[in-house]
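Enquirer: Let the hints inform the model, and build the full structure from the sequences given.
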Amino acid sequence: MHVVGLITEYNPFHNGHAWHLHEAKRLSAADFVLCVMSGSFVQRGEPAVLDKWTRAQMAIAAGADVVLELPVAFVLRSAGTFARGAVQVLAATGVITHLCFGSESGQLQPLQEVADLLDEGWWEKDVGELIRQGHSFPKARYLAMKQPEALATPNNILGVEYLRAIKKMNLGWEVFTIPRRQAHYHDEELPAATERETIASATAVRKAWQEKGTAPLAYLPVPTWPYLQEAVEQGRGPVFMDRLWPFLCWQLRQDGAESRLLATVDGERALVNRIFNAVTVAGSWQELVQLTKTKAYTWTRIQRVLCQFLLNFTREEANNWDETGPAYLRLLAYSQRGRQLLKQIKKAGSLPLVTRTTPWRYHRQMRLDSLATDLHSLLWPQPLPRPGLDWRRWPTGPTGS
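Our numbering applies: residue 24 is where the sequence shown begins, and numbers increase by one.
Check before you lean on any hint, since a few could be wrong.
Stated by the list, open to error - Pairs of lysine-lysine, BS3-like flavour, derived with a Cα cap of 27 Å: (1) Lys-190 with Lys-162; (2) Lys-369 with Lys-162; (3) Lys-370 with Lys-230; (4) Lys-162 with Lys-318; (5) Lys-191 with Lys-148; (6) Lys-230 with Lys-190; (7) Lys-190 with Lys-370; (8) Lys-369 with Lys-148; (9) Lys-169 with Lys-191; (10) Lys-162 with Lys-148; (11) Lys-369 with Lys-191; (12) Lys-148 with Lys-316; (13) Lys-148 with Lys-169; (14) Lys-169 with Lys-190; (15) Lys-230 with Lys-316; (16) Lys-370 with Lys-169; (17) Lys-318 with Lys-191; (18) Lys-369 with Lys-190; (19) Lys-318 with Lys-169; (20) Lys-318 with Lys-370.
Stated by the list, open to error - Between beta-carbon pairs, the in silico distance windows are: (21) Ser-307 with Pro-406: 17 to 23 Å; (22) Gly-195 with Gly-258: 42 to 48 Å; (23) Gly-86 with Gln-233: 24 to 30 Å; (24) Leu-285 with Arg-155: 19 to 25 Å; (25) Gly-372 with Glu-46: 36 to 42 Å.
FYI, nobody ran anything at the bench for these hints, they're computed from the structure.
Heads up, the beta-carbon is just placed ideally off N, CA and C, and yes, glycines get one too.
Expert: Dropping the structure here:
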C-alpha cells in the first residue's frame with residue numbers, strides 16, 4: 024500500500040493545490056493521499072481565512088483521503104519547527120511511504136544539498152555578523168553558506184526543512200518535489216483566468232476576496248465550492264487580519280503585557296520594544312507590523328510573535344514540545360476510502376488518533392488548539408461567543424456528518 028503525505032495549509036484550497044495533490048498521487052502511484060494541515064492559524068502568523076473543518080472538507084472534495092491537524096504549537100513557529108512537527112505527525116501515522124512537496128525550484132537535488140550543508144553547521148559563525156548587518160535569519164543562513172538567494176524562497180526553505188527532518192528521523196520515505204505551477208507564493212494579483220489555466224496563489228485569492236467581497240471561485244476547484252459557500256452563508260468566513268486588531272490593542276494595554284510578550288516563543292527585548300513603540304501610533308494591524316519591521320525582524324516573524332502573545336503561547340511550553348513533539352493525531356476529515364486508511368493508522372500509528380476531543384480537554388497542547396479555534400471563531404463575520412468549539416466538533420466523514 025502506497026500512501027503519499029502532503030504538508031499543507033490550504034488557505035484556502037485552490038486550483039494550484041488540486042494540481043499538486045493529483046500530481047503527487049500520480050507520480051507516487053499512491054493508493055491514498057494523507058494531508059497534515061495547519062488549523063485555525065497558519066505559519067505566516069495569520070488566522071486562516073476559513074475554519075479548519077471547512078478547509079479540510081474542501082481538500083477531501085478535491086481528492087484527499089484523510090486530513091489531520093498540525094497542532095498550533097508547531098504552526099506558529101519558524102519554518103524548521105513547522106516542518107519538523109508536520110513530518111513527525113506524518114511519521115506517527117505509521118502508513119506514509121512517500122512525501123511530496125511543492126517548491127519554487129522543482130528540483131530535489133539542490134534542496135538536498137542545502138539541507139546537508141545546514142546540518143554540517145560550519146556556516147553558523149558568519150550568521151550572527153550577517154544578522155547584525157540587517158539580514159533576516161533565513162537570508163543570513165543562505166548568504167553564509169554562499170548558496171543562491173533564489174533558494175531562500177518560502178517553499179524552498181520549507182522543502183529543505185522537510186528533508187532535514189526526514190534525515191534526522193531516518194525515515195525511509197521516497198521524497199519528491201514538483202514545481203509550483205504558474206503562481207508564486209507571494210503573488211498578490213490574480214492572473215487572467217482562461218479556459219485552460221486558472222491558477223493563482225493563495226495570497227492573491229485572499230486579497231481578491233477581501234477587496235471584492237466575494238471569493239474568486241474561478242480559481243478554486245468546483246467540488247470545493249459548496250463547502251466554501253456554506254461557510255460564508257453561515258457567517259464562518261472569510262476571516263482577515265484586520266479583525267485581530269481590537270483584540271491585540273486590548274491585550275497590549277493590560278498590566279503585564281510586556282512581560283507576557285517577552286515570554287512568548289519568539290519574543291526578545293529589542294523586538295518587544297519596537298512593538299510597544301509602534302502600537303502607540305499604529306492605526307491597524309498592518310501598520311503596526313510595518314512600523315515594527317526591519318531586515319532582521321521579518322513581517323511573518325512579527326505576526327507570529329503577536330499571535331503567540333494573543334494565545335499566551337510561551338517559550339517554556341515550546342521548548343518542552345520541541346523535545347516531545349506532537350502529542351496526538353487530530354482527525355479533521357476523511358473520505359469513504361479514507362476509512363480503510365484510518366483502520367491502518369489505528370493499527371500502525373505511534374500516537375493516539377483523536378476523533379473525540381473531550382478526553383483531551385486538560386492536555387495543554389490540545390487546549391492551545393482549542394484556544395486558537397475560540398479566537399478564530401470570534402473573528403468570523405458572525406462571531407461565535409460560545410467557547411469550546413473544538414470540544415464539540417467531530418471529524419467530517421463522507422456523508423458530511
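Enquirer: What hints, given by number in increasing order, does this structure fail?
Expert: 2, 3, 6, 8, 16, 17, 20, 25
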